[in-house]
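For chain X, the structure is supplied; the task is to place chain F on it using the hints.
Here is how the chains run, residue by residue.
Protein chains: 2
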Amino acid sequence: MRVGFLGLGQIGGSIARALRVTGDDWWVGAWTPSGAGPREALAAGVIDGAFVDARALIAESDVLVLAAPPVACVALVERLGGEWRGALRTGATVTDVASTKQALEAAARRADLPWVGGHPMAGRETSGFGAADATLFHGRPWVVTSALGGGNPAVVRALALACGAVPVEIDAAAHDGLVAAISHLPLLTSVALVEAVTGSPGAAPEDWAAASALAAGGWRDTTRLARGDTAMGAEIAVTNAGPIAARLRAYRGAIDTWIALLETPGGPDAAVIRERMDAAKARLEHPGG
Amino acid sequence: MRVGFLGLGQIGGSIARALRVTGDDWWVGAWTPSGAGPREALAAGVIDGAFVDARALIAESDVLVLAAPPVACVALVERLGGEWRGALRTGATVTDVASTKQALEAAARRADLPWVGGHPMAGRETSGFGAADATLFHGRPWVVTSALGGGNPAVVRALALACGAVPVEIDAAAHDGLVAAISHLPLLTSVALVEAVTGSPGAAPEDWAAASALAAGGWRDTTRLARGDTAMGAEIAVTNAGPIAARLRAYRGAIDTWIALLETPGGPDAAVIRERMDAAKARLEHPGG
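The listed protein sequences correspond, in order, to chains X and F.
Heads up: the first sequence begins at 30 in our numbering, then just goes up one per residue.
Heads up: the second sequence begins at 30 in our numbering, then just goes up one per residue.
So here's chain X without its partners, still in its complex pose (with noise of 0.2 Å):
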């Protein structure tokens, strides 16, 4: 199967050093607009082709890949919709990686491409083609979406496979629901943790710095995802904020029954206290259950 890349960061490079791993037989190009993760990659023997022509790349591809933050995948699919459409080969899937599914596949519908939209859940905090690890998806699930205008959702199980992924089929506005739960809503919390303690824009962060030299490693992973990439944050956050904001304010209403614990008449209750975090911790861990 040829395999073209839009983009090929952290996540677009991963799963082509995973193609060139698997022993199968994948052809690979990449483009991407200042054309340096192709470059890198093919020296690196990673992929087959590295293109300065978006649409000689199209032309030669079965399935593309859409490897690029939410909003910059939406630009792509209008493009493959306007100036790049007469590139697209007959039976082509285009399907994407991004981390949000609702605003990308409303995308897709207006330009009327063969789409299945895609996201492997998995990432680390680091980025560009650098970054790419053959081993990042092994074991993780990969969403795929419901298919639009002849869109193969084989192909991209297929993909989801060669990188030892495990496909789970799941429709993007339940996708967007969930993930604005697990993936969003925390990189907000954490967020909104760090400008708490550090003060607000404009604010003098008073105690910081004094505070941040007590600070270990409860701190440190509470707010591991404020020191992400926040051009992805941003994008994420645009294109999936009506799911995040009803968790954040689901969110909101637990944070003012703690402020309410907190401030008892005569005292929080220790037994009290200790019984919800008990709760919380047996539903965590237990999520069947």
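Hints in this document: simulated from the structure, not taken from any laboratory.
Small disclaimer: the values here were computed from a predicted structure and weren't measured.
Be a bit skeptical, because a hint or two may be false.
One copy or two, either will do: identical chains are not told apart, so a pair holds if it fits within one copy or between any two.
As the list claims (entries may be wrong) - Derived pair list, reagent style SDA-like, types lysine to any residue, alpha-carbon separation capped at 20 Å:
(1) K310 to V50
(2) K310 to G282
(3) K310 to A242
(4) K310 to A283
(5) K310 to G246
(6) K310 to L177
(7) K310 to L290
(8) K310 to A85
(9) K310 to R281
(10) K310 to G257
(11) K310 to G295
(12) K310 to D250
(13) K310 to G64
Here is chain F on its own, set in the frame of chain X:
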């Protein structure tokens, strides 16, 4: 110096192990209500005496280290001021390793003990003497609070230095405000995150099982503190409720601004969101700047 531990879990045990490997002339004894930790430590050659009678240990010790959760430490302070007072040696100092300092200092003042509070800023989600590690405090701050009733701060600093830690003098109120920010607020935001996503007690989890199947590293890191020792978490919350509630209110303010931003009429602006995320990341990574 003769050191007596009242309590011997992960933190007390790690101090005992560190004292054993320094090669200096430390005598170490320990008592706990069940006696299990001291028996294990004695068998491992980590301590010189496992005491079944706390009074006998107190009578042997130049420095007493209360190594239990905060509320349990308050009870130990009260016993030292009452039934155990007669056993305290002249010139002895009582210290502790608990996560909150004001409630304990107030109890020590009421009990008229020779007191210098302490808080080594390290720890893991594991607990018990079996999780003790001689290197746990290497290079970590060890908060030393003001002396009361003739307690000797030099003794507590010596203990910290013997463990490879860095003694830092901070008064109890300032300590509790700082750790509310970088330790206790992250704990409660982690628990609230679990509650918001997995459902509150009495509310059906709905899509939690499906969301859980997609969860990756970001979810694991931001919820790690909610998997910790809930008895310890509850004792921290009740002994530092005021400062934690104040931090939670500031945090809720940050969450409210995120909800407003995501619900901007016409859709949120990616540039504005990225700017906020960049500003938070910069303050996080450069606490002095």
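20 Å Cα cut-off: does K310 pair with R281 within a copy, between copies, both or neither? For K310 and R281, the Cα distance is within 20 Å only inside one copy (19 Å; across copies 22 Å).
Taking 20 Å as the upper bound on the Cα-Cα distance, should K310 and D250 be classified as within, between, both, or neither? both (17 Å within a copy, 14 Å between copies)
From the Cα coordinates, with 20 Å as the cut-off, is the pair K310 and L177 best called within, between, both, or neither? Neither. Shortest intra-copy (40 Å) and inter-copy (39 Å) distances fail the 20 Å Cα cut-off.
Measure nothing new, just compare the shortest in-copy and cross-copy C-alpha distances for K310 and G295 to 20 Å and report within, between, both or neither. Classified as neither; 27 Å inside a copy, 38 Å across copies.
As a check of your reading, is K310 near G257 (CA-CA no more than 20 Å) within one copy, between copies, both or neither? Classified as between: cross-chain Cα gap 8 Å, same-chain 26 Å, threshold 20 Å.
With identical chains treated as interchangeable, where does the CA-CA distance between K310 and A242 reach 20 Å or less: within a copy, between copies, both, or neither? between (29 Å within a copy, 17 Å between copies)
With 20 Å as the alpha-carbon cut-off, assign the pair K310 and L290 to within, between, both or neither. Within. Shortest intra-copy distance 18 Å satisfies the 20 Å Cα cut-off; inter-copy 31 Å does not.
Identical-chain pair category, K310 with V50, by Cα at 20 Å: neither (40 Å within a copy, 36 Å between copies)
Homo-oligomer pair classification [G64, K310; C-alpha up to 20 Å]: Neither: 47 Å inside a copy, 28 Å across copies.
Evaluate K310 and G282 at a C-alpha cut-off of 20 Å and name the case that applies: within, between, both or neither. within (18 Å within a copy, 26 Å between copies)
For K310 vs A85, is the C-alpha pair at or below 20 Å within one copy, between two copies, both, or neither? neither (53 Å within a copy, 40 Å between copies)
Up to 20 Å between alpha-carbons, please classify K310 paired with G246: within, between, both or neither. So K310 and G246 pass the 20 Å test inside a copy (19 Å) and across (17 Å) alike.
Hints 1, 6, 8, 11 and 13 from the earlier list are contradicted by this structure; the remaining hints agree with it.
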